[in-house]
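Colleague: Each chain is listed here by its residues.
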Amino acid sequence: MGDAVSMGRSSPRTGRNLRAVIAPLTSLGPLIALILACAYFATQTDRFLTGPNLSLVIQQSMVVGVLAIGQTLIILTAGIDLSCGAVMALSGIVMARLAVVSGVNSYLAILLGILVAVAFGLLNGALITKFDLPPFIVTLGTLNIAFAITHIYSQNQTVTNVPAVLTFFGNTFRVGLTSITYGTVLMFLLYVITGFILQQTAAGRHVYAVGNNPEAARLSGINTTQLLIAVYALAGLLYGVAAWLSVGRTGAGDPNAGQTDNLASITAVVLGGTSLFGGRGRIMGTLVGVLIVGVFRNGLQLIGVESVFQVLITGILVILAVVVDQFARRRQQ
Amino acid sequence: MHSRFESLCRYRIASAGRVTVLLALMLGLLPFLSAVSQPAAAQDEIIVGLITKTESNPFFVKMKEGAQAAADAAGAQLLTASGQFDADNASQVAAIENMVTAGAQGILITPGDTKAIVPAIEKAREAGVLVIALDTPTEPMDATDALFATDNFKAGLLIGQYAKSAMGDTEPIIATIDGSTGVSVSVLRHNGFLAGYAVVDAAATPEASLSTFAEDARVVCSQDADGDQAKSQTAMENCLQANGDINVVYTINEPAARGAYTALKAAGRENDVLIVSVDGGCAGVEALKAGEIAATSQQYPLKMAQMGVDAVVEFAKTGAAPSGYTDTGVTLITDKPQQGVESEDSVFGLENCWG
Numbered sequence: 000m001g002d003a004v005s006m007g008r009s010s011p012r013t014g015r016n017l018r019a020v021i022a023p024l025t026s027l028g029p030l031i032a033l034i035l036a037c038a039y040f041a042t043q044t045d046r047f048l049t050g051p052n053l054s055l056v057i058q059q060s061m062v063v064g065v066l067a068i069g070q071t072l073i074i075l076t077a078g079i080d081l082s083c084g085a086v087m088a089l090s091g092i093v094m095a096r097l098a099v100v101s102g103v104n105s106y107l108a109i110l111l112g113i114l115v116a117v118a119f120g121l122l123n124g125a126l127i128t129k130f131d132l133p134p135f136i137v138t139l140g141t142l143n144i145a146f147a148i149t150h151i152y153s154q155n156q157t158v159t160n161v162p163a164v165l166t167f168f169g170n171t172f173r174v175g176l177t178s179i180t181y182g183t184v185l186m187f188l189l190y191v192i193t194g195f196i197l198q199q200t201a202a203g204r205h206v207y208a209v210g211n212n213p214e215a216a217r218l219s220g221i222n223t224t225q226l227l228i229a230v231y232a233l234a235g236l237l238y239g240v241a242a243w244l245s246v247g248r249t250g251a252g253d254p255n256a257g258q259t260d261n262l263a264s265i266t267a268v269v270l271g272g273t274s275l276f277g278g279r280g281r282i283m284g285t286l287v288g289v290l291i292v293g294v295f296r297n298g299l300q301l302i303g304v305e306s307v308f309q310v311l312i313t314g315i316l317v318i319l320a321v322v323v324d325q326f327a328r329r330r331q332q
Numbered sequence: 000m001h002s003r004f005e006s007l008c009r010y011r012i013a014s015a016g017r018v019t020v021l022l023a024l025m026l027g028l029l030p031f032l033s034a035v036s037q038p039a040a041a042q043d044e045i046i047v048g049l050i051t052k053t054e055s056n057p058f059f060v061k062m063k064e065g066a067q068a069a070a071d072a073a074g075a076q077l078l079t080a081s082g083q084f085d086a087d088n089a090s091q092v093a094a095i096e097n098m099v100t101a102g103a104q105g106i107l108i109t110p111g112d113t114k115a116i117v118p119a120i121e122k123a124r125e126a127g128v129l130v131i132a133l134d135t136p137t138e139p140m141d142a143t144d145a146l147f148a149t150d151n152f153k154a155g156l157l158i159g160q161y162a163k164s165a166m167g168d169t170e171p172i173i174a175t176i177d178g179s180t181g182v183s184v185s186v187l188r189h190n191g192f193l194a195g196y197a198v199v200d201a202a203a204t205p206e207a208s209l210s211t212f213a214e215d216a217r218v219v220c221s222q223d224a225d226g227d228q229a230k231s232q233t234a235m236e237n238c239l240q241a242n243g244d245i246n247v248v249y250t251i252n253e254p255a256a257r258g259a260y261t262a263l264k265a266a267g268r269e270n271d272v273l274i275v276s277v278d279g280g281c282a283g284v285e286a287l288k289a290g291e292i293a294a295t296s297q298q299y300p301l302k303m304a305q306m307g308v309d310a311v312v313e314f315a316k317t318g319a320a321p322s323g324y325t326d327t328g329v330t331l332i333t334d335k336p337q338q339g340v341e342s343e344d345s346v347f348g349l350e351n352c353w354g
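Protein sequences, first through last, are from chains A and B.
In terms of numbering that gives the first Met the number 0, the first sequence is residues 0 to 332.
In terms of numbering that gives the first Met the number 0, the second sequence is residues 0 to 354.
None of these hints come from the bench; they were simulated from the model.
All clues given are correct.
Stretch-level coverage of chain B by chain A, calculated; a stretch enters the list once three of its residues show a Cβ under 8 Å from a Cβ in chain A: (1) 80-93; (2) 99-107.
Among chain A residues calculated to face chain B with C-beta under 10 Å, some are: (3) 46; (4) 248; (5) 252; (6) 255; (7) 260.
Restraint-style ranges between C-beta atoms, simulated for each label pair: (8) 200/B with 164/A: 42 to 50 Å; (9) 72/B with 140/A: 46 to 54 Å; (10) 42/A with 72/B: 27 to 35 Å; (11) 160/A with 125/B: 16 to 24 Å; (12) 216/B with 140/A: 34 to 42 Å.
This structure is a prediction, so every number in the text was calculated from the model and none was measured.
We treat Cβ as the ideally placed atom computed from N, Cα and C, and that holds for glycine.
For reference, chain A alone in the conformation it holds in the complex:
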């Protein structure tokens, strides 16, 4: 159950083992922030704490939510991915254009769209590991490449009237008075699955190991190159799924989608308590981080505060989360 790995350390330092024991506590801060925010908005307007509205908040968070899973995996390896939003936009426009303009079978179009995203993930991973390049620069490059290909391929045209299969995850089912979209269910599922992989499988623990100390991880027998490429490819797969959700949510293939989602996903990861230095953090923290942003966006709108204040508050929370992370790191050293 932990974010610590003891492999490859020269002298056993007990703090890391203990972190594993207390790991659940680390997600408590963000969770309390989320609950407080909800409580505050509930006292301000009776429209906030209703089933339909909470469902709406989660719906509005689902695309960035799924992107942020991939971002978390990459940040855990001490990497970063600036290309996620652009890759998602490309993947989405490939799906929509293939299905609508080229008349390709919808399932095949979705598959090909997701494959494009996986290919970009592989490209990121390969460039970072094979040429030993910094992830920040590599993904800055692929961000621009994906953005340009999106606009060239789409001719800047939004694709509408997409077939039903592409918009499936925007459909809803009712529980009482509340409409829940299938996309949010998928998002929660992906978080649970990723959480399981990270905590219960060797591969998942290797992700933390590489983030903590790549050299030590390599010496202890982990194929770090392979692992990093796999992480970036898996992140690509998740961006492809996010693209499907995005098309479902808006009902259109939008070449301008996701332009600020790279920073939005990094924001969610940081708010969730994952360390940008790698090796420490929890996937469920990211989910909380995504929801914090969503709750502020929705709640402030409901009580009539301009949306620019949401940006302000997010900025303050991000700085705070990083300060707290640094604080925690020092305490441990």
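Please build the complex by placing chain B on the supplied structure of chain A, with the hints as guidance.
Modeller: Below, chain B alone, put in the same frame as chain A:
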């Protein structure tokens, strides 16, 4: 075991510190939020939503001002939101959903992505909310209840007619500094200008030319510069490299016009090239007064927003909804009037400008 316990304690302290800091922050934020939030709406209050493309463009700032004034006058509450960049559809969709939940009876929107926004607008209308497009029509246009906007084709047409008259018998060699491809406003103004100059057939109707720039051999350079001053300067520099004989410059808006002027001045061509533009922002009219821009078509964002708010208030009170397209007007502004071309001077322009 001892050191294990010690570390455990230390870690607990760290976690406790983290929680405390977060708690303190959240509590610190609450009064701040209360200070900026307006009093919660009563159930029977009229709530109007205004969603613009961005927060930063003075055009939308003026729009918000007009909406706020009209809402205050009618005793209505105004909710505002915007995208983070011009074509930020996701933020606009979320804003529509949140405003419907907030109980808005009507939403005014300048769509960032004219097609992708349509499903969200349909959902809001199904929920009984009046939706009016301001400034920019959706595609299809009837996705909203009504459209209050400048006739952008006419805005282009007026400066085209002016430029033709001002140039007289001189054969035009034209550069166009446009917005983005595929954006209807950009295409309509461009095509309107060329139709006004009678470079292209005026029968090229706005409907037929919504998404394709009209072309002609006399237009020697067309560049997309997103209506951005710095990009427009670069675009104009490149146009001059391609053809040094350019003598007429059409620009999508006044920041683009000023960028083009800077480039022309650097090339020593500022006095023998005619620059025309669209918008009528205060900075633009000042530039016109200073002689940088020959003529501009002024539009009225404040009026669009006021009319929009009034329509929502009327709808909330009586259930009467507006429909179709309402032209919010456009005026040709110039200090060098041409015979046979109706215009106002920069004094009028400054009295009615925005930004």
